[in-house]
Amino acid sequence: QVHLQESGPGLVRPSGTLSLTCAVSGDSIGPDHWWNWVRQSPEKGLEWIAGISHSGTTSYNPSLKSRVTISVDKAKNQFSLILTSVTAADTAVYYCARDSLFSTGSDSHFYFDSWGQGTLVTVSS
Amino acid sequence: EIVLTQSPGTLSLSPGERVSLSCRASQTLVNNYLGWFQQKPGQPPRLLIYGVSHRATGTPDRFSGSGSGTEFTLTISRLEPEDSAVYYCLQHTGSPRTFGPGTKLEI
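Chains as they are written, first to last, in my numbering: chain A, 1 to 125; chain B, 1 to 107.
It is worth saying that the hints were derived from the structure and are not from the lab. Just so we're clear, the structure is a prediction, and the values are computed from it rather than from any experiment. Don't take every hint at face value.
As the list claims (entries may be wrong) - What follows is a list of derived Cβ distance ranges for each label pair:
{"id": "1", "chain 1": "B", "residue 1": "77", "chain 2": "A", "residue 2": "23", "range": "16 to 26 Å"}
{"id": "2", "chain 1": "B", "residue 1": "40", "chain 2": "A", "residue 2": "3", "range": "31 to 41 Å"}
{"id": "3", "chain 1": "A", "residue 1": "125", "chain 2": "B", "residue 2": "75", "range": "39 to 49 Å"}
{"id": "4", "chain 1": "B", "residue 1": "77", "chain 2": "A", "residue 2": "54", "range": "17 to 27 Å"}
{"id": "5", "chain 1": "B", "residue 1": "84", "chain 2": "A", "residue 2": "41", "range": "31 to 41 Å"}
{"id": "6", "chain 1": "A", "residue 1": "8", "chain 2": "B", "residue 2": "77", "range": "39 to 49 Å"}
{"id": "7", "chain 1": "B", "residue 1": "82", "chain 2": "A", "residue 2": "15", "range": "42 to 52 Å"}
{"id": "8", "chain 1": "A", "residue 1": "23", "chain 2": "B", "residue 2": "42", "range": "34 to 44 Å"}
{"id": "9", "chain 1": "A", "residue 1": "15", "chain 2": "B", "residue 2": "77", "range": "28 to 38 Å"}
{"id": "10", "chain 1": "A", "residue 1": "74", "chain 2": "B", "residue 2": "17", "range": "47 to 57 Å"}
{"id": "11", "chain 1": "B", "residue 1": "11", "chain 2": "A", "residue 2": "120", "range": "41 to 51 Å"}
Stated by the list, open to error - Calculated lysine-lysine pairs in the DSS-like style (CA-CA distance at most 25 Å, straight line):
{"id": "12", "chain 1": "B", "residue 1": "40", "chain 2": "A", "residue 2": "44"}
{"id": "13", "chain 1": "B", "residue 1": "40", "chain 2": "B", "residue 2": "104"}
{"id": "14", "chain 1": "A", "residue 1": "44", "chain 2": "A", "residue 2": "65"}
{"id": "15", "chain 1": "B", "residue 1": "104", "chain 2": "A", "residue 2": "44"}
Each residue gets a CB set at the ideal place from its N, CA and C atoms; glycine is no exception.
If we strip away everything but chain B, and leave its shape as in the complex, we get (with noise of 0.2 Å):
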């Protein structure tokens, strides 16, 4: 099983800010199957990116996403209040597809 671990693990910044969020594989992710959610109180993970550095439909392009191998990295670019949320990041090169403990922003 493929162990993903984020960091950090929790962050207070202000709006406008810049932020990159990490994630780290136990083992080399060969085909880039990586993709980022965002999930705020109560409700269920929404999917940012997949594919690395893909933008689902929705995202805003504030929301970045980059990294290969073992070492990913999603970048918000200007904070906003509505960026709160706790952020995890899901592989799915192997199997079983596994996500990561979560970062929690807090704007």
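Extracted from the complex, chain A is given alone in its bound form (with noise of 0.2 Å):
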């Protein structure tokens, strides 16, 4: 059973920059799914933030995707969110989540099935 974990520093600073990392256990980083960064605030809900392949292609989410760098370290089995220029409405309980494909007989797609428990992150001085 696939494991996902969020790590980095709960509080960051205004304008600064937030990092962190999704350590996954259980699985492989691998061609049968996408690995992808969501946030829930009591103001925007859930968003979806990023998403990247084993081989590195990445999706962003256009509203965020000017201060968003999302990547892979298959030889570690994690991958990493990084934001930029950070502001209060970048507090949230961060989650990365792991798509996988589904089937319903006549077509296919990704639905997020396995998150991490999610880690509050404060911008805040």
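Hints are included, so try docking the two chains, each in its own frame, into the full complex.
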């Protein structure tokens, strides 16, 4: 059974850089999945931030794309998120989540099927 | 960006009752790439339904999904106390993927 664990600072100063890592165990970062970051705040609810494939192909939420970088380290079986120029609006619980392909018989598509427990990141001076 | 709205915002029901939760999309989800998630306090969301009506592994059969176009519904046929949670719909037809604001269900 796959296990995802987020790690990183819980407090980031305004205008600083948020950096998080998701360690994956019980599964290898391979071609069957995509790997994502999702955040949740009372103000914005659940918000998909970015995703990455095992080969490094990336996809970003346009609303955050200018400030976000997602990367993967297959040797360490982990992937990471960098968010620059943070403000109080970036305060949220940050989740890493695995995408798996689900088939309906006539079609297949990715859905988030495994999540980390989440880590609260507060942006404050 | 496709915006999802959910209704009602909150509801309180009794065990054994039947409930239908609504999710409305601002644009037609042509490929029916819609899922439902359940989130309990202190936990991450859990996938219940994918592709509008297909139950994920471990989802009890009292949960069912339906709909098409811009109108989708999650129905719980016989509520149990452990169904207390917030329920979110998610679309993946358009990019970026977007979630609805959630419906809080109290049993």
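Quick rundown of the hints versus the structure:
One distance hint, 16 to 26 Å for the beta-carbon pair residue 77 (chain B) and residue 23 (chain A), is violated here, with the actual separation near 39 Å. Judged by the Cβ atoms, the range 31 to 41 Å given for residue 40 (chain B) and residue 3 (chain A) is violated: they are separated by roughly 19 Å. Residue 125 (chain A) and residue 75 (chain B) have their C-beta atoms about 47 Å apart, which keeps the hinted 39 to 49 Å range intact. Remark: the range hint 17 to 27 Å for residue 77 (chain B) to residue 54 (chain A) is contradicted by a beta-carbon distance near 40 Å.
Taken as a hint, the range 31 to 41 Å is violated for the pair residue 84 (chain B) and residue 41 (chain A), whose Cβ atoms sit roughly 22 Å apart. Range check, residue 8 (chain A) to residue 77 (chain B): about 42 Å between beta-carbon atoms, so the 39 to 49 Å window is met. At roughly 44 Å, the beta-carbon separation of residue 82 (chain B) and residue 15 (chain A) lies within the given 42 to 52 Å, and the hint holds. Checking the proposed 34 to 44 Å range against residue 23 (chain A) and residue 42 (chain B) shows it is violated: the Cβ atoms sit about 20 Å from each other.
The hint said 28 to 38 Å for the Cβ distance between residue 15 (chain A) and residue 77 (chain B), and at roughly 51 Å that hint is violated. Between residue 74 (chain A) and residue 17 (chain B), the C-beta spacing of about 48 Å keeps the proposed range 47 to 57 Å intact. In this structure, residue 11 (chain B) and residue 120 (chain A) break the distance hint of 41 to 51 Å, their C-beta atoms being roughly 28 Å apart. Note on residue 40 (chain B) and residue 44 (chain A): the hinted pairing holds, with a Cα-Cα distance of about 18 Å set against a maximum of 25 Å.
Taken as a hint, the residue 40 (chain B) and residue 104 (chain B) pair is honoured in the structure, with Cα atoms around 10 Å apart against an allowance of 25 Å. Taken as a hint, the residue 44 (chain A) and residue 65 (chain A) pair is honoured in the structure, with Cα atoms around 17 Å apart against an allowance of 25 Å. Among the hinted pairs, residue 104 (chain B) with residue 44 (chain A) is consistent with the structure: their alpha-carbon atoms are about 16 Å apart, no more than 25 Å.
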